[in-house]
Amino acid sequence: MMAVALFAGFALALDGFTAPANLLNIVRSVSVLGILAAGMGIVVIGRGIDLSMVSIMVVTVAIQLQLLQAGWSLWSASAVVAAITLALGFMNGFMVAYAGVSALFATLASSAFVFGFVRSRILTQDVIYIPETAGTLLWLGKARILGLPVDVVVFLAVVAVALVLLRWSRPGRFLYLMGDNFQAARTMGIPVRPLIVASFMASALLAWLAGVASAVSLQSMNTRLVNSALLYDVVLVVVIGGIGLSGGKGGMRNVVVGALLIGILLNGMTILNLPNIHQNLIKALILLGAIILDGQLNPRDEQTSQQGDI
Amino acid sequence: MSKLTKTLRHAILAGACLAGAVIGAQAQETNPGPEAYRSALEGKRVVMVPMTMGFDLAQGWNHFIGEEVKQFGGIWETRDPNWSVDAGAQAITDLISSAEKPDVLIVQTPDLNSYSRLFKRAQEAGIFVIQLDNPSNYASDVFAGSDWKRLGELETQAVIDHCGEGSSKKIAVIQGDQVNASSLDQWAGVQAVLERNPGWTVAGTADSNWDATTARNAAATILQQHPDVCGIVDFWDATAQGTASAIRDAGLKDKIFLATTGSGEAIDCKLLEDGTFGAIVTSELPRQSQDVVAAIKILLQSGIKPGESKNYLYTHEIARTKKDVAPGTCWSQAEIEAAAKK
Numbered sequence: 028m029m030a031v032a033l034f035a036g037f038a039l040a041l042d043g044f045t046a047p048a049n050l051l052n053i054v055r056s057v058s059v060l061g062i063l064a065a066g067m068g069i070v071v072i073g074r075g076i077d078l079s080m081v082s083i084m085v086v087t088v089a090i091q092l093q094l095l096q097a098g099w100s101l102w103s104a105s106a107v108v109a110a111i112t113l114a115l116g117f118m119n120g121f122m123v124a125y126a127g128v129s130a131l132f133a134t135l136a137s138s139a140f141v142f143g144f145v146r147s148r149i150l151t152q153d154v155i156y157i158p159e160t161a162g163t164l165l166w167l168g169k170a171r172i173l174g175l176p177v178d179v180v181v182f183l184a185v186v187a188v189a190l191v192l193l194r195w196s197r198p199g200r201f202l203y204l205m206g207d208n209f210q211a212a213r214t215m216g217i218p219v220r221p222l223i224v225a226s227f228m229a230s231a232l233l234a235w236l237a238g239v240a241s242a243v244s245l246q247s248m249n250t251r252l253v254n255s256a257l258l259y260d261v262v263l264v265v266v267i268g269g270i271g272l273s274g275g276k277g278g279m280r281n282v283v284v285g286a287l288l289i290g291i292l293l294n295g296m297t298i299l300n301l302p303n304i305h306q307n308l309i310k311a312l313i314l315l316g317a318i319i320l321d322g323q324l325n326p327r328d329e330q331t332s333q334q335g336d337i
Numbered sequence: 315m316s317k318l319t320k321t322l323r324h325a326i327l328a329g330a331c332l333a334g335a336v337i338g339a340q341a342q343e344t345n346p347g348p349e350a351y352r353s354a355l356e357g358k359r360v361v362m363v364p365m366t367m368g369f370d371l372a373q374g375w376n377h378f379i380g381e382e383v384k385q386f387g388g389i390w391e392t393r394d395p396n397w398s399v400d401a402g403a404q405a406i407t408d409l410i411s412s413a414e415k416p417d418v419l420i421v422q423t424p425d426l427n428s429y430s431r432l433f434k435r436a437q438e439a440g441i442f443v444i445q446l447d448n449p450s451n452y453a454s455d456v457f458a459g460s461d462w463k464r465l466g467e468l469e470t471q472a473v474i475d476h477c478g479e480g481s482s483k484k485i486a487v488i489q490g491d492q493v494n495a496s497s498l499d500q501w502a503g504v505q506a507v508l509e510r511n512p513g514w515t516v517a518g519t520a521d522s523n524w525d526a527t528t529a530r531n532a533a534a535t536i537l538q539q540h541p542d543v544c545g546i547v548d549f550w551d552a553t554a555q556g557t558a559s560a561i562r563d564a565g566l567k568d569k570i571f572l573a574t575t576g577s578g579e580a581i582d583c584k585l586l587e588d589g590t591f592g593a594i595v596t597s598e599l600p601r602q603s604q605d606v607v608a609a610i611k612i613l614l615q616s617g618i619k620p621g622e623s624k625n626y627l628y629t630h631e632i633a634r635t636k637k638d639v640a641p642g643t644c645w646s647q648a649e650i651e652a653a654a655k656k
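Line by line, the protein sequences are chains B and L.
If you count the first sequence from 1, position 219 lands on 246 in our numbering, and the numbers rise without skipping.
If you count the second sequence from 1, position 186 lands on 500 in our numbering, and the numbers rise without skipping.
Any given hint might turn out to be false.
[Stated by the list, open to error] Calculated cross-link-like contacts (lysine-lysine; reagent style DSS-like; alpha-carbon spacing at most 27 Å):
#1 K169/B <-> K434/L
#2 K619/L <-> K415/L
#3 K611/L <-> K637/L
#4 K358/L <-> K384/L
#5 K169/B <-> K567/L
#6 K169/B <-> K584/L
#7 K656/L <-> K463/L
#8 K434/L <-> K611/L
#9 K567/L <-> K636/L
#10 K169/B <-> K636/L
#11 K619/L <-> K358/L
Derived from the structure by calculation, the hints contain no laboratory data.
Excised from the complex, chain B in its bound form (with noise of 0.2 Å):
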C-alpha cells in the first residue's frame, strides 16, 4: 500500500521518475540489499534472525577478492569461500539450534568476531578490488542478460527460487510451521533443529551472493559497509515488507514489495537532492511506523510470551 502511495506520489511530482530507465536504476539500487532480504526472511519465517549478514557478506568476498589477487583461480578461490561460508552459516545455526542461544545474541556475536577476525588477520586494508586476472568476475559487472545488469537477474533468481521452496518443498513448508509455533512443528516430528541450521546457512549462502553481486558491479568491496546502515536497511525491507518478526508469516512477496519501497523511497530523495542525514532519519521513522504496524497486525499473543521472542 504504502509503496503504491509513494510510487504514485514521486510519478506526479518527479519529472522523469517512471521514465523506464530510472524504473529500472529502482530495482537496481535495491538488487543486493533484495538478496540479503531474502535470506534475512528465510531466517525471520523459522522466527529467527541473523544479524550477521552483512558481516558474512563482506567478509567472503574481500576473502575471495584476496585469494584472487594472491594468483588463486576463480574456481579453487570460490570453493574455497563457499566452504568457509556454509561453515559460518553452519557456525550460526548450530549456536541457535543446539546451544540454544537467541538467535539475536548469537548472529550479534558471531558478526563482531567473524568480521574482527578476517579484519585484523587477514586483510591489510579496508578496499580490496578485484584484480586484473579474474577477467570473468570483471566481465560479468558489465554483462547484460536481456538488457537486465547481473545484480538484478541474480535478484529475480533468487526470488524465484526461495518462492519456490518456501511454498511447494516439504523444508519450506516446515520452516512456516517452526516459525509460527515451535514446540507443535517440533511434537509433530518435525526435525527443527536441523532446519534452523539450514536456515542460517541458507542466509549465509546469499549473503555471499549478495556480495558477490555488489562487488562485480563496484569492481571492488569496501569492508567498511559492516559499519554501514546496510544490515538496518535489510530489517527494514523484511519488516515493512510485511514479515511478521514473530515468525511464520510473509514470503518472497514481501521481500519485493519491500526492497521496491525502499528503493523508490531513496531513489526520490536522491532526485530531490535531501542530504543523506534526512535520508537516514526519514528512514528510521519509516521502520519505527513499520515495527509499531507489525506489532498491531501480530500481537504478542499466548503463544509468543510461551515460546520467548527473538
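We have chain B already, so just place chain L on it with the hints.
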C-alpha cells in the same frame, strides 16, 4: 737515547695531542647541529591516531612518517580506531593520561568538533598536536594536509576545462557527508569556481556517505534525471568507483568527465590511465608526510610549549589527467608492504 730527549719527545707528543684535542673541540663547537638534533629528538614518543589504519592514506603515513621517526631515534606508535569516533576519542584520552605520554600526537580528525576538547587537553598535558588531512574547528600546533577548498576548485576547474564552453555546462556533484570538513570545504570550492564561471550549474548533488554503493545509486539516479551532464565531481576515489560504475552502466563513459581526489596510491594512476577517472587531485602523500616530519623535528627543538603557536602546512597539489601519469607519479602500497617485510 738520553733520558732528556725522551722526555722532550714525550712532551712534544703530548702537546700535539692536546692541540689536536683543542682543535677537535673547537670544530665541534662550530657545528653544534648534530648533537642538538640528537638530544632534542632521541627517545621522543610520536603516536598517530588516523580514522582507521585500514586504508591507503594511513598506511602511507605510517610508512613515510614512521620511518623517519625511527631514524632519528624516536618511538613510533599507531592506534587504530577502525572508523569509530568513540574508539579514537578513547585512544587519545588514554594517551593523555598514560604514564608514558607521547611528545607528539598526530591525529586525523573524523569531523569538525569531536576531538577539539581533547586536543586542548593534550596540549595542556604538554603534548604537541598535529592535525593531519582533515581540519577541525580547533587550531592546534600544526595542521598538515590539503586545502580542501582548493581541491574542490581544482576538480571543478578540471571538469569545466574538459567540457568546454560548447557543452551543456551542467555538472553533478557526489559529496561525502555534511559533517566532515574535507567534504564541506570541497563543496565550497565547487561553488567558488561556479561563481567565477557564469552559466555553469550543478544539475544534481547527493551525499555518498563515503560509501561506493550509495555513490553508484545516487549517480545513476542523477544521470537518469540529467543525461546531459557533462562532468561529475566526486569527493573521494573510493566512492568515485561507484560513480564511475553508474557512468559505465549508463553508457556515458566517453561523454562524462569524472574528477575526484585520492591518496595517489597506484590504483589511482591505473584508473586514470584506463579512463575511469578523467582527472584526480591526489593528496601527494609522500610530500605531505615530509611536511609532518619537518613539523615534528622543529616543534621538538623549538623550545616553545604546546599550544603557543599555530601553523598550517598545506600540500602543493594539482589536478592530474591521463597525460600527467608517469612512472613514480603514484606510490605503491604493495611496495611499502614488501619493504616492511624485509
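Now the hints, each set against the structure:
1. K169/B <-> K434/L: Answer violated: K169/B to K434/L is near 51 Å, above 27 Å.
2. K619/L <-> K415/L: 15 Å, holds
3. K611/L <-> K637/L: 37 Å, violated
4. K358/L <-> K384/L: 10 Å, holds
5. K169/B <-> K567/L: 12 Å, holds
6. K169/B <-> K584/L: 19 Å, holds
7. K656/L <-> K463/L: 40 Å, violated
8. K434/L <-> K611/L: Roughly 21 Å between the alpha carbons, so the hint for K434/L and K611/L holds.
9. K567/L <-> K636/L: 15 Å, holds
10. K169/B <-> K636/L: Between K169/B and K636/L the Cα gap is close to 23 Å, so the pair holds against 27 Å.
11. K619/L <-> K358/L: The given pair, whose Cα atoms are some 15 Å apart, holds under the 27 Å limit.
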